[in-house]
Amino acid sequence: MYNFVLLAEASLRRNYQDLRFCPQDDREDLARSSQRSLTRLQEALPQAQYLDAGGLRAFGLPYLRELLLPRGYRRLEEAGWLLEEHSGLGAAINMDEHIVFKALGDARQADELLKGVRQLEGKALDPQHPYAQNPAYGYLSYKPVLSGSGLHLGLIMHLPMLHFLKQARFMARGFLEEGIQFKGLSLPDGRNPAKLFLLTNSGSHRLDDQAISQRVVDAAQDAARKEQALQQRALNRSGQTSLTEQVWRSYGILRYARRLTSSDFLTHWSNLRLGVQGGILPLDPLTLDGLLHYANDYAFLREGLDPKTFAFRRADEVRRTLSGGI
Amino acid sequence: MICEVCHQKHADIVFKTVTGDQVATKAMCLACAHSMQQDMVKMFMALGFRRDQVEEPRIQEEPAPAMPRYLCTQCGRPYEGLDEHTMAGCAACYDAMREELDAVFGSKPQDSALATEEAPVEAVPQEDALSQLRYRMMEAVIKERFEEAARLRDQINRLELAEGQT
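Heads up: the sequence lines are chains A and B, in that order.
Residue 174 in this note's numbering is what sits at position 174 of the first sequence, and the numbering runs on without skipping anything.
Residue 1123 in this note's numbering is what sits at position 123 of the second sequence, and the numbering runs on without skipping anything.
What the hints contain is simulated information worked out from the structure, not anything from laboratory work.
There could be a bad hint or two in this list.
[What the hints assert, rightly or not] Beta-carbon label-pair distances, calculated as ranges:
id, chain 1, residue 1, chain 2, residue 2, range
1, B, G1081, A, W248, 20 to 30 Å
2, A, E43, B, A1150, 44 to 54 Å
3, A, R191, B, E1084, 39 to 49 Å
4, A, E43, B, L1159, 34 to 44 Å
5, A, D218, B, A1150, 51 to 61 Å
6, A, Q128, B, A1129, 17 to 27 Å
7, A, D208, B, H1085, 43 to 53 Å
8, A, D208, B, V1104, 37 to 47 Å
9, A, E77, B, I1013, 21 to 31 Å
10, A, L176, B, L1159, 29 to 39 Å
[Claimed, not checked] With the Cβ distance kept under 8 Å, some of the chain A side facing chain B (calculated, not the full set):
id, residue
11, H129
12, N134
13, Y137
14, Q167
15, A168
16, R169
17, F170
18, A172
Built from N, CA and C at the ideal position, the CB exists for glycine as well.
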């Protein structure tokens, strides 16, 4: 299963009892919420990098982290993002809930992620500003159906064959009955060139942390099994199938292209990863996943480059990684 | 002043016509004025005008907006029901949607760290009782159960008075 998981995120969703919830256009409450959250978080994570709404608008976030945030997060006022790189602990402020504590890392350490996010919540808790909760419904969310313990475990999975064969929709329906949300991580235009999916528990009402973790891991194993079976059938190592041909073509493009848009890169990256998983391409999976750093414009915006050069820079970095600088 | 047309009813309208430097007035009751208006409409139509060009358009009253099924007493957010897309405006919205939430989640407290052993099981504190009564009064108003709303209003007033005296 872990071959198909790129990133795991444990998150705890909280709102302040005395303030209006996020989707309301109440700038005063959003400003109060932001100030409270930031004060406590900066005490709890002194080495964390913080991006306010202006910073998010200017730079965005690295690709995989961006996928875990509400679409349009860059247009939000009084929003913020905080992350301590070495621990993977951080928070999203005023994006959908007042504060969403996060722990990002490897799916193999899901239990540590759950523990880490709970500890962060404990450190950041301010007794003077309690969180909104109700004995019957748990911690209150801006979406009532999400109220409960507020804990979510999300896995970003690469499932190209399920995407090609349009099986994801049927899987999503089946998972919904088990309390699992399974959705494609598509671009604003609706396409999903990277064939990435987010698998997470749809609610947390009357579920403890262990139950949530087990539920998500079981669903991920189910999805991984199906993907594995489809890949074995489709990938023919003799090179006779069109899918194998597609993998090698994508390798050639990424190896030699001089210009790559984000969408092009993601499409070919996905084919390469399929080739690595199927044993066709002798590439290091970690190196390949590391290329996602250049998937969106985040890396280039931070350098202050001219946006017209991003596609060329992306191609340069990908070539350098795949071929050693040619 | 008596109507100058029927010479029977009280005149409610005075028409003034100006022709050149001559001014003529005629006092009429409503029925005669309406009858004259209809005659004028017929006259203009006989001259080739359409009825809609001659008659004043009837102003249609806009229907009153329907009251929402639920209404939060704190932030004023209206709700028609609960589904996966429903968004709460504040913590008090959960009180407004209590019926639907109880149907989805059940009304038992959670078996989690939130349900502490210290949670009281006796009577609800006075402040919470008042909030609940206010919510129920608002709900009764929305559902047009005005007698119940009046009874709740009186109950709230008695509790507030008692609270003020303590």
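Here is how each hint holds up against the structure:
Our hint of 20 to 30 Å for G1081 of chain B and W248 of chain A is violated, since their Cβ atoms are close to 53 Å apart. With their beta carbons about 52 Å apart, E43 of chain A and A1150 of chain B fall inside the hinted range of 44 to 54 Å. A C-beta distance of roughly 24 Å is found between R191 of chain A and E1084 of chain B, which places it outside the suggested range of 39 to 49 Å. In this structure, E43 of chain A and L1159 of chain B meet the distance hint of 34 to 44 Å, their C-beta atoms being roughly 42 Å apart.
Between D218 of chain A and A1150 of chain B the CB atoms are about 55 Å apart, so this pair conforms to the stated range of 51 to 61 Å. Checked against the hint of 17 to 27 Å, the pair Q128 of chain A and A1129 of chain B passes, with Cβ atoms roughly 26 Å apart. In this structure the hint that D208 of chain A and H1085 of chain B lie 43 to 53 Å apart at CB is violated, the actual value being about 27 Å. A C-beta distance of roughly 19 Å is found between D208 of chain A and V1104 of chain B, which places it outside the suggested range of 37 to 47 Å.
Taking the beta carbon of each, E77 of chain A and I1013 of chain B are about 58 Å apart, not inside 21 to 31 Å as hinted. Separation of L176 of chain A from L1159 of chain B is about 46 Å and departs from the stated range, judged on CB atoms against 29 to 39 Å. Given hint, H129 of chain A at the interface with chain B, is violated; its Cβ is 13 Å from that chain's nearest Cβ, farther than 8 Å. Restraint check, N134 of chain A versus chain B: the minimum CB separation of about 6 Å is within 8 Å; hint holds.
Look at Y137 of chain A: its Cβ gets to within about 6 Å of chain B, closer than 8 Å, so that hint holds up. Look at Q167 of chain A: its Cβ only gets to about 23 Å from chain B, farther than 8 Å, so that hint breaks. Given the 8 Å rule on beta carbons, the hint for A168 of chain A is violated: about 19 Å separates it from the nearest Cβ of chain B. Among the interface hints, the one on R169 of chain A is violated; its C-beta lies about 17 Å from the nearest C-beta in chain B, farther than the 8 Å criterion.
Because the smallest distance between the Cβ of F170 of chain A and any Cβ of chain B comes to about 19 Å, over 8 Å, the interface hint for this residue is violated. At about 13 Å, the closest approach between the beta carbon of A172 of chain A and any beta carbon in chain B exceeds 8 Å, and the interface hint on this residue is violated.
In summary, the numbered hints that this structure violates are 1, 3, 7, 8, 9, 10, 11, 14, 15, 16, 17 and 18.
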